[in-house]
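Asker: Listed here are the chains, written in short residue letters.
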Amino acid sequence: MAPWLAGVIPFGLAIGVSAAQADIPTLAGWLTGPLIYGGSAQAATIGMLDAGATPLVIVAAALIINIRFIFYSATMARHWQGTPWWWRLLAAYLLVDPSLAVGLDGYRRLAGDRAHAHYLGGAVLLWVSWLAAIGIGATAGAGLPAWLHLEFVMPLYLAGQAVTKLASPASRRAAVAAAAVALLTLSAPLQLGIALAIAAGIAAGFSAEVRK
Amino acid sequence: MNAWIVIVAAGLGSYLLRLSMIMLIGRLTMPPWLERASGLVGPAAFAALAAAGVAAACGDLGVTQAAAPLAAVAAAVIAVSRTGSPQAAILVGLPVLWATTALLPS
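Note that the protein sequences, when read in sequence, are chains Y and E.
For the working numbering, add 350 to where a residue sits in the first sequence, where the first one is 1.
For the working numbering, add 103 to where a residue sits in the second sequence, where the first one is 1.
Everything labelled a hint here was simulated from the structure, so no lab data went into it.
Ideal Cβ placement from N, Cα and C applies to all residues, glycine included.
Watch out, some of these pointers could steer you wrong.
To be verified - A few chain E residues facing chain Y, derived, Cβ under 7 Å: (1) 124; (2) 156; (3) 161; (4) 164; (5) 173; (6) 174; (7) 177; (8) 180; (9) 181; (10) 183; (11) 186; (12) 192; (13) 194; (14) 198.
Unchecked claim - Only part of the chain Y face toward chain E is listed, based on derived beta-carbon distances under 8 Å: (15) 374; (16) 378; (17) 445; (18) 448; (19) 452; (20) 461; (21) 464; (22) 467; (23) 494; (24) 508.
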């Protein structure tokens, strides 16, 4: 869990800072943590709210980004068969990229209740750290001077994340197409650009994979 | 008021996505093409959000001052691809932004 925490805490801080700088109540920005609970969807939601996008478009963009949770859900369903319904409701709420990885590691090495405890322990630790990081970022981000340009922390963080995800030709194509469409659609009505750009990026990367 | 509704709706939808397969079907294998497509969401979303964020930062500035965010994000991209650490983006990009903002005529 430790390497995951080192990776997600700066992201949480950056989201907190962007929530404080955005033109929305800071508490609403922080609430993206416990409610949406997925960094890139939270960043998109806060950014698009700040830009004044139409509610329906923002929700659609957040759900496109979080559509991967369906795959995580299918992955964990196998391991959580036979558990009580309340446990599945709670475990599903905590399901996100790092907790999936920690959980799968546990189900590979451990059996039964110990593997469930391994998942829940890691997932709760992640949840607490994530919400704390956003809270600290939001508190600190509100009081810092303008010349620090903290509004630029989030674009920088996202650019860095994008660069680390370019291992395959398909992902490079997806990133380039998404960035290009995002720039071309900057003045698109209803701030549709981000949602369009993500869809175009997935399509571009996917067409590269199919041809291969 | 809108912000609260949007965040609650996106949160509720995200929870239903997480819960979907756990509650619907116990055992299900994803078609491989769907799984591959889902691996592209990350690079596409991060790149789109970063590009829009940089463009928004440039748009608020004059022509010469707009070079500062561009220099910062270029330095950040180089730093991350050299070190392999995403944290390098902020550690290198922000100081470059401060320096270029201070040096460029407004």
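Asker: Hint by hint, where does the structure go against what was stated? Just the numbers, ascending.
Answerer: Hints 3, 4, 5, 6, 7, 9, 11, 13, 14, 18, 19, 20, 21, 22 and 23 are the ones this structure does not satisfy, whereas the remaining hints hold.
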